Structures are given as structure tokens and as C-alpha cells.
Amino acid sequence: MTNIAFNPQLTTSPANPFQIDSTGYVQGSYFDDPTTRMWLLTGMVASTVTGPVYGGMTITENVNAPNTNAGGNSLILATDYADLTAFTVFNQASNMIITPGNSAQLATAGMSISYFRLGSNARIAVQCNATLANALDAGATNQQVSWDFTNQELIAFSTTALPVKVLSVNTNSKIIVNTSGVLTYSTGPVAIIQI
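For the sequence shown, our numbering puts the final residue at 195, and the numbers step up evenly by one.
What the hints contain is simulated information worked out from the structure, not anything from laboratory work.
Keep in mind the model is a prediction, meaning the values are calculated, not measured.
Note that CB positions come from ideal geometry on N, CA and C, so glycine has one too.
Among the hints, a few may not be true.
Claimed, not checked - Ranges between beta-carbon positions, derived for each pair: (1) Ala140 with Tyr81: 31 to 37 Å; (2) Val177 with Asp83: 32 to 38 Å; (3) Ala65 with Pro163: 27 to 33 Å; (4) Asn69 with Asp137: 45 to 51 Å; (5) Asn95 with Ala130: 28 to 34 Å; (6) Leu167 with Pro100: 32 to 38 Å; (7) Thr99 with Gln143: 35 to 41 Å; (8) Thr48 with Ala140: 37 to 43 Å; (9) Ile97 with Asn62: 21 to 27 Å; (10) Thr79 with Ala156: 15 to 21 Å; (11) Thr23 with Asp83: 31 to 37 Å; (12) Pro34 with Gln144: 25 to 31 Å; (13) Ala130 with Ala82: 25 to 31 Å.
Construct the complete structure from the given sequences, taking the supplied hints into account.
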């Protein structure tokens, strides 16, 4: 299990807690929809996952061993299209925490996180490569795009197409920057994809 550094004496306040600009999207959130909200699931981050898990990441949902009675299936980070089964979201992920040094909530091994499986038709905000964001302008929703499994972002089509529709892009959105396990919010491009 990954160790989380707690400092019970430390009191911090997130930078700019009152957002002035309300345009754009927030990476890892999904758009409420009465038909897709029933497909929101919760699983447990597997003990083999060493880094933080947050909204807008690709995961592999594994079937638990018989009779484990776990609170949801075991989840690991997807490393290839063949392994990709779902996307994580922040919505209703009440077990996630913010630790000192981080400004974004996270889950680690043994914690739960919410997600949507591919085919659920959920509309999820994911980080988008800046070059791709400009190229998507006025393009068809069914144009082919790919996924960067290392940087956890939508990229221009390379060899394999991600099975999604790109519905919208906003370059003035909240994205998560993962710097060696430290999660902070920044401003950048986010795409709304329908999975």
C-alpha cells in the first residue's frame, strides 16, 4: 500500500479558493444525465497501483477473486487499448482525499474511486493535448483520436482509435498536473468525450 504523508499540525488553504471565471470544464467530472448516471460504478484501487489515481484516467476493471466480498471490482491503470475498460471520475467519489502538497483529490491503493465503463454513453471531461484541441475545432464528433496512457490525455490519432466521440473542447478548463505524484490544478484544454 502506498504511504500517504499526513501532517496533523499542518493547516493549509488552497490557492484561489473562490473561482472568478466559471467557463470551461473540470477534468474528471461527468455531465449529469438521467440515463447514464445509473451506470456510475465504484471500485477499489488495487494494491499493485503505486501512484495516485484521480478523475479522467483510463483504468482496467478486474473481476475479484471468488468470495472476496469486496466493495466493487479491483481497478488498475490501463496501459494499452486492449486493457482499457473504463474512465475514472470525481463525481460521488467521497473516499478521495487531499493531502498536504496536493490541491487535487486523489485515491491510492485500497481506496475506492468512481468510474464509467466503455459503452455507458457517459460524457466525461478528460485532459486534451493542446495541439489536438486546436485541430478538433469544427471537426466531426466521430473523428478518430487516440489516448496517451503515460500522460493520461487525449491525443491526435496515431495507430489505434479510442472508441469515443469528441463532443466539445474548451482550452480554458481545469486540468490536473501530476508532478511525480504531486497533483495540482492548472488551466489547459479539456475535451468532453462520450464513451
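Results for each hint:
1. Ala140 with Tyr81: 31 to 37 Å: 21 Å, violated
2. Val177 with Asp83: 32 to 38 Å: 24 Å, violated
3. Ala65 with Pro163: 27 to 33 Å: About 29 Å separates the Cβ atoms of Ala65 and Pro163, which means 27 to 33 Å holds.
4. Asn69 with Asp137: 45 to 51 Å: Holds, at about 49 Å.
5. Asn95 with Ala130: 28 to 34 Å: 32 Å, holds
6. Leu167 with Pro100: 32 to 38 Å: 36 Å Cβ-Cβ, so the 32 to 38 Å window holds.
7. Thr99 with Gln143: 35 to 41 Å: 38 Å, holds
8. Thr48 with Ala140: 37 to 43 Å: Taking Cβ atoms as reference, Thr48 and Ala140 lie about 39 Å apart, which means the hint holds.
9. Ile97 with Asn62: 21 to 27 Å: Distance hint for Ile97, Asn62 holds at roughly 23 Å.
10. Thr79 with Ala156: 15 to 21 Å: Holds, at about 20 Å.
11. Thr23 with Asp83: 31 to 37 Å: 35 Å, holds
12. Pro34 with Gln144: 25 to 31 Å: Roughly 30 Å apart at Cβ, these two residues keep to the hinted range, so it holds.
13. Ala130 with Ala82: 25 to 31 Å: 27 Å, holds
When held up to the earlier numbered hints, the structure conflicts with 1 and 2 and fits the remainder.
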